[in-house]
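Engineer: Chain by chain, the residues:
Number of protein chains: 6
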Amino acid sequence: MRNDGRNQKEMRPVTIKTDYLKHPEGSVLISVGDTKVICTASIDDRVPPFMRGQGKGWITAEYSMLPRATQQRNIRESTKGKVTGRTMEIQRLIGRALRAVVDLDKVGEKTIWIDCDVIQADGGTRTASITGAFVAMTLAFEKLLKEERMKEMPITDYLAATSVGMHREHGAILDLNYEEDSTAEVDMNIIMTGQGKFVELQGTGEEATFSKQELDELISLGESGIKHLIEAQKQVLQSL
Amino acid sequence: MRNDGRNQKEMRPVTIKTDYLKHPEGSVLISVGDTKVICTASIDDRVPPFMRGQGKGWITAEYSMLPRATQQRNIRESTKGKVTGRTMEIQRLIGRALRAVVDLDKVGEKTIWIDCDVIQADGGTRTASITGAFVAMTLAFEKLLKEERMKEMPITDYLAATSVGMHREHGAILDLNYEEDSTAEVDMNIIMTGQGKFVELQGTGEEATFSKQELDELISLGESGIKHLIEAQKQVLQSL
Amino acid sequence: MRNDGRNQKEMRPVTIKTDYLKHPEGSVLISVGDTKVICTASIDDRVPPFMRGQGKGWITAEYSMLPRATQQRNIRESTKGKVTGRTMEIQRLIGRALRAVVDLDKVGEKTIWIDCDVIQADGGTRTASITGAFVAMTLAFEKLLKEERMKEMPITDYLAATSVGMHREHGAILDLNYEEDSTAEVDMNIIMTGQGKFVELQGTGEEATFSKQELDELISLGESGIKHLIEAQKQVLQSL
Amino acid sequence: MRNDGRNQKEMRPVTIKTDYLKHPEGSVLISVGDTKVICTASIDDRVPPFMRGQGKGWITAEYSMLPRATQQRNIRESTKGKVTGRTMEIQRLIGRALRAVVDLDKVGEKTIWIDCDVIQADGGTRTASITGAFVAMTLAFEKLLKEERMKEMPITDYLAATSVGMHREHGAILDLNYEEDSTAEVDMNIIMTGQGKFVELQGTGEEATFSKQELDELISLGESGIKHLIEAQKQVLQSL
Amino acid sequence: MRNDGRNQKEMRPVTIKTDYLKHPEGSVLISVGDTKVICTASIDDRVPPFMRGQGKGWITAEYSMLPRATQQRNIRESTKGKVTGRTMEIQRLIGRALRAVVDLDKVGEKTIWIDCDVIQADGGTRTASITGAFVAMTLAFEKLLKEERMKEMPITDYLAATSVGMHREHGAILDLNYEEDSTAEVDMNIIMTGQGKFVELQGTGEEATFSKQELDELISLGESGIKHLIEAQKQVLQSL
Amino acid sequence: MRNDGRNQKEMRPVTIKTDYLKHPEGSVLISVGDTKVICTASIDDRVPPFMRGQGKGWITAEYSMLPRATQQRNIRESTKGKVTGRTMEIQRLIGRALRAVVDLDKVGEKTIWIDCDVIQADGGTRTASITGAFVAMTLAFEKLLKEERMKEMPITDYLAATSVGMHREHGAILDLNYEEDSTAEVDMNIIMTGQGKFVELQGTGEEATFSKQELDELISLGESGIKHLIEAQKQVLQSL
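Residue numbers (full-length UniProt numbering), protein chains in the order written: chain A, 1 to 240; chain D, 1 to 240; chain S, 1 to 240; chain X, 1 to 240; chain P, 1 to 240; chain F, 1 to 240.
FYI, nobody ran anything at the bench for these hints, they're computed from the structure. Please note: incorrect hints may appear among the correct ones.
Heads up, the list lumps identical chains together, so a pair's fine if it works in one copy or across two of them.
Claimed, not checked - Here are the simulated lysine-lysine pairs, DSSO-like style, with alpha carbons at most 30 Å apart: (1) K151 x K9; (2) K56 x K80; (3) K212 x K234; (4) K22 x K9; (5) K106 x K22; (6) K106 x K212; (7) K197 x K234; (8) K106 x K82; (9) K110 x K9; (10) K143 x K197.
Starting from the given sequences, assemble the full structure and let the hints guide the process.
Structural biologist: What follows is the structure, given as structure tokens:
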């Protein structure tokens, strides 16, 4: 039994509240246990300079935490005057993952801005961000379709993300909370599609290493979590 | 009749949801119409260098908006690498206002960090922030009292803020929404205590001017709004 | 009697030296007691991006202090790499105030850059800046008229600013010097036109509050100061 | 046959020139094909604030490219005034990887600064940096041992990194050059120890996805590359 | 005859107004023709970290221009968020030059902050800054002696600076104004002591070169200018 | 005898390795004793905004050191977020010097980017950079001529730089190493052409002064060093 009563293969409760804010084209509040993230998708009718004139769209993501999303208050990145390496890594990951399931040619010369703002953190903020951002993006595309600003749904598959880890006490565990994330020896983020293909796989030994057999065990556990998350997405999305 | 159906002297519906987040010592989600702000109060057992050794506390505030709190997406200040003048002005205002109703000697050498994060904006974000921050701060002090980390409640009075304005069409109006804020000729923010004393008064003619008589009319309207807000605060706070 | 021998309702000596520098279109050295500010107005034949194509002008202001304008040397903002919140607040205030007495349509697509550089500070630097900047701006417009780069004088009224405060010992006082500014319980900046209309009113209780009656007393004292300052402006300006 | 004449399972020629610079405690020039990186290890007898008093060491890495290491000249990060997300990601990766094969308790309160400066780039700069940095770090530790500033060699295993990818034309390929890196559909960086354990695994579908079977194929190819690299390291290092 | 009526060997009129500001320990307004610089010297009873514990003093300088000191308005360095290369070069030059005529051991652990703020520029701002800063620094040291915060005058000699140049039309000329500075082929700044020794010599061919004979001619002209400036300094300083 | 066995008038061994990197249009690795600098020249078919439409070229330089080029590791300027004053001074010097021997009209609207990256430092890095950059730039121009992207060689003369100094123990010495540079009382950088004309002369008394006679002695010593360096350049360059 884990510190919050779950067994090794159990995810925390997931809820996805759609249309959470009134201004963005798409928005959700996703909760995975005590981790809560507001994900919004905003449509901009321009693309960045390096994309102009190609008739293709672009998807870019930003990620941030409220200062007191965490147990200790963090200094705002706006106050520091710079974005940390961790934030940049997460932002690049979210954008890259979403682009893998979108046919950018069908989007046309538009930028989809994804904003993931963590209002409460308890581990797995980056994977919750990806899972929620996929829904916010889909809602935005649905709106564009309804308004006839786009001809075809450009999304090619579902997309969700979860974390798995190798824990000294519990072995391979699914969906790590903050406490577990801090103590796991191996930490892996898995992003997969509805068809069960990998989009991204990032496994890290935290001052530790792992074998091929452990890798296979973690991947298999991750796959089961992804299926569960995509079920939750399907319940709030009709059009795909 | 105003664009949202209110009369000139009417505020928008106000709700204050306490203990909104699990980590901060005090937190609320305040809604004033469609304006929604998460206000948190965090306790730090140190004071800034210029305050050390005086045995007094300090209160400081930060304010931010989610990029898509507004109709058009705003660039994050962390991305720009600097905090705008508008944000700094609001942060200084919130901190100054709260300090006016707190006996800092009773706080002891602690810093109260106030964070106001606007998740949806429809005018009056700075006044909603002050009104909500007062409640979050009070909750944090109650927690310190309960944990015996503080001897006496240091708050000396209630505190709330609202906006009033002079509108070409409607004359003097209370609690401006975004639409009204953009078109008002005179815009005034009023911060008052439960005893009806002024803490701060900021009246600005936007490419316009105003007379003493108009000033008096606006102030009187503001007072009625403040009373209403303090009623709402009293409903969620018991200890004061 | 105040610390510099004045009575409560007395301003410090005011001098405005016009055409202080040779390059700017308009320039003054204004002294209010020991507070000395160089104010210049520069004409730029472009407007900022958000104003282009409207045929209107724009007025923007910058404010700074020499590092040793004050008793203790201050670190330069260029060295810090950022402009402080206080400076931004003052810059925004100066620009907003000047725009209230200028018909920007008559200016045409030009930017008036106002620079207020405090070379010696003894309280009231922002109000002296506004009072001096109004004269520098007027001189610049006169030059444009003389050179036929503008058809009509766009200034609609005189504009001056002063401070008033509520002092524990002296009660309501006019034109606070540095010593008084540090100890006043209520501090108010008043910006008014030649016609006696308010452009901006900013009253702040410094860890204190104030009543409506005190507000009225302060405003009335401020009005008398503004009249005095506008007299001084009229002596150096002929054209208005 | 690949564009540089190699077969799918072939690495580019690897050379590691030790003691390349005279000042650093450890330094190498590593070449992997046309990719050339200067890796240095510097010993600092302090640890960062968050590590003080624990008696443990720390390893941190920085990565940079000469502006003309690439086909097009890049703007220096010092000129931009900020480090890009890509650089931060690589720096964090190098430091994390090296820490996985060092017993930090044996290092004592010292920081090992790793600097990887790419002087010529042709794909695989981050993996070459890790492979070279491991040697530079080992040389630095050997120097500390010789000077009796350390009691025991803290390195627990060899460490090397390589890239593998899934290429439309060639299928699974080892050690991608720049041309291949730009066109590969799946790109994976693998960091492994001398014992064949994983330290880090990062697989990314570039606007593409990959199956478990493809993952297994890539991993197996990566393992063979790592073995080859560790052979090259063993030839220049005696003490391990 | 030069564009302002001078002959080749003639300086512009020089005036040095002492005790120009009330707060700094030493201050002057120096005018060299239309170039006007406020120079102040501030005493700080600490030294920078790299000097601590040596019992020696330090002298450091900052230089800036008001935005409209020049014909075209310049963007403030505080607004840009960074100090330009030109400013840094001048700051380093001023500090280095002053340190050459001060016995830092006699200063004790104090920092002398020199601030040179150009309020009007017409060529030669850096040399006027040095000449004025020497006087401001001397006044500050005199004040320290009078207040018995220092035992002996640490200044070892007078110090002044001027510019000379090689001009296509006029040949070798002394004390270049802005117009001449822009068109000179060779530009040289000379800093010398009262004893006629060089402290710094910087000669630059602006897309041109110069011979040893031209160098000797320029140096000789510079020496005569320095003598004149030191005369002006002697008239306002008694103690040396 | 100097600390490295040289006599006063002796330079350290100089080697210039051409075509050191594969991507840049021109590149060298220059060694002057233990000082090693990679100099590259990159051609950009645009000029900076202030040069556009004049049909002329521009030459600009950047200079940097690897963090561990020196005995103590230096913090990267990209990490600090700003370029130091010393770096800016050197960059401006390199660019200015090279422009003095190039007919920019013959270059056409192109920018030559010079990058000087010090990989090992032992004094004289800025003069080695200039000497090496001249060769890299010449190689780049030769390439443009060969590819018929330029009609005529725009270089008007050879260019090299060296340092000389006045040393307490050794008197006037040529080509100072790091040890000597730190202890010299007078430090002078001399940049000259193949024809023996000065391009730049910077002599500084480090908390010391120097006479005209000493200046002449230093210049004469510098001239002999420059001749030696230009010989080395001629051996690797044919076309001039």
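Engineer: Run through the hints listed earlier and report the numbers of any the structure violates, in increasing order.
Structural biologist: 1, 8, 9
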